[in-house]
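**Q** The whole structure should be built from the sequences, with the hints applied where relevant.
Taken in order, the sequence shown gives residues 1 to 505; the numbers are from the UniProt record's numbering.
Hints are not guaranteed to be accurate.
Label pairs and their computed distance ranges (CB to CB) [what the hints assert, rightly or not]: (1) GLY483 / THR117: 35 to 45 Å; (2) GLY483 / ALA56: 22 to 32 Å; (3) LEU26 / LEU369: 25 to 35 Å; (4) VAL231 / ALA275: 30 to 40 Å; (5) THR117 / LEU423: 46 to 56 Å; (6) GLY330 / SER262: 51 to 61 Å; (7) ALA156 / SER262: 17 to 27 Å; (8) LEU160 / ARG77: 25 to 35 Å; (9) SER262 / THR450: 55 to 65 Å.
Hint data in this document are derived by calculation from the structure and do not stem from the laboratory. Just so you know, even glycine gets a beta-carbon here, dropped at the ideal spot from N, CA and C.
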Amino acid sequence: MRRWPVSYVLAAPVAILAVLPLLVLLDLGAGADTLWDPHWLDVLGQSLTLAGLTVAGALLLGVPLAVMTAYIRLPLRGLWLPLLAAPLAMPSYIGAFTFYAAFGPGGEIQQLTGIPTPELRGLTGAAVVMSLYTFPFVLLTTRASLRGLDASVLDAARTLGLSLPQALWRAVLPRVRRGIAAGALLAALYTLSDFGTPAIMGVDTFTRVIFVEYNAFGLSQAAMLSLHLLVIVGLILFLESRFGTEQERPGRTLVVAPGTLSGAGMMGLALLVFALAVGLPLALFGIWIARDGLAGFNPMTAVNSAWAAALAALGAVLLALPVAYAALSGPAGRVMDRLTYFGFGVPGIVMGTALVHLGLRVPVLYQTLFLLVLAYMLRFLPLAVGAVRSTAERVDDNMTHAARLLGASRWEAFRRVSLPLTLRGVVAGGALVFLEAMRELPATLMLRPTGFDTLATELWRVYEAGYFGRAGVPGLLLVVISGVALVLMVSGERGLKAGLAENKG
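**A** Printed below as a string of structure tokens:
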């Protein structure tokens, strides 16, 4: 009988731990009074309506901007894609908070300029905010498909008398519909999983109602709602897995030089989107800091955020190492690897509900830092696993075999050869987990120990109190953290491409 690799033995408990929240929810949901409450039909309708409006907005923004960044020759061409991808790295609740404070009667814009602005709250406000922070999904997946097309088909359409917009609409976009659909499904998934924006804008989606039930001590009802939400999320994840970038034989890449007015219009649209999604939060936080200074800000919130996130990052990379190596060892390891992705598909509010119940069942864990860190680890473990695995895939196995032939034990060969060669992935994965944990809101609200405030919960507390001026420092710090996350992801992608190129050479 063939013995399991050591990585399998170590990865199996991690895979079981990753699906623990689902088991806890099933146990908790079994105590619910009913499987379905008629009121939840309204919740389902609100959730799906918000997701539908968000997808529509993301398509209206993402597809034209994908065409612009893929095909249009503009000044500072290398600048536009990073600018337009930046909203993806920011938590949408920052946008919701600043839109809530800026627009409407008595909002910051009216106070500063005297110009009245419409109120952006409720379903409309939530849809606008979610569209601004999810359109990069559509932009990136559509652009990837567009860059893989041969421009000769577009040229043929032009020779048949079609204008450039008509040729793009009739000859190009139908060939990238899979990429567009993949981005749209990701936008829908993000919307259904998001808690902060619907809560701030006052939309009764699944995530907001789950939090209300939790606060009303209706954990069984919250668990049942969470299970319903997981079914919808699972369906979207399944549909998203069926879509991908179209593959065609490589050909000539299309490059279009626009007229002066057309080019100015495109750049104006891109700058407007960036200004609303990133510029507005930065401007408001800067104004509030200039107005109120550091009044009311407790530096311990930043320390708490960093401490919990650092513990989560350390724990995540320790769990990720055996899973990553197990995934490279055989089919069973790949199954374990996929199981760890469960937490990433679980909304933070659902993870919080499951672990609150676990804490009640095991009182020694209730309202402890350990339970909060565990939530972070389970939520963002796939980030660490993916970073470690991508690096470990590039390690030459012959070096490990050589160490074993020279008398090193398995542990010594791993410690002295494999681990140093995968250290870059370990550091990158830990950094991503750290940054995401710093920004996590719903799980932190539900699981933090009493008196343990973080930057995200401080922003939430300020929103509930209505004293927006004190959001300047925590909000600005969260924006900076989001920027670091974006830089890290971009540099990590470039490093991976460089490593693959070296191996091919």
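**Q** Next step is simple, just say for each hint if it's right about the structure.
**A** Hints, verified against the model:
1. Checked against the hint of 35 to 45 Å, the pair GLY483 and THR117 fails, with Cβ atoms roughly 27 Å apart.
2. Between GLY483 and ALA56 the Cβ separation comes to about 28 Å, which falls inside the hinted range of 22 to 32 Å.
3. Separation of LEU26 from LEU369 is about 26 Å and conforms to the stated range, judged on CB atoms against 25 to 35 Å.
4. The hinted range of 30 to 40 Å is satisfied by VAL231 and ALA275, whose Cβ atoms lie roughly 38 Å apart.
5. Here the CB-CB span from THR117 to LEU423 is close to 51 Å, well matched to the stated 46 to 56 Å.
6. The supplied range of 51 to 61 Å is met by GLY330 and SER262, whose beta-carbon atoms lie about 54 Å from each other.
7. At about 23 Å, the CB distance of ALA156 to SER262 agrees with the hint of 17 to 27 Å.
8. Checked against the hint of 25 to 35 Å, the C-beta distance between LEU160 and ARG77 comes to roughly 29 Å, which is consistent with it.
9. Distance hint for SER262 and THR450: a CB-CB separation of about 58 Å, consistent with the stated range 55 to 65 Å.
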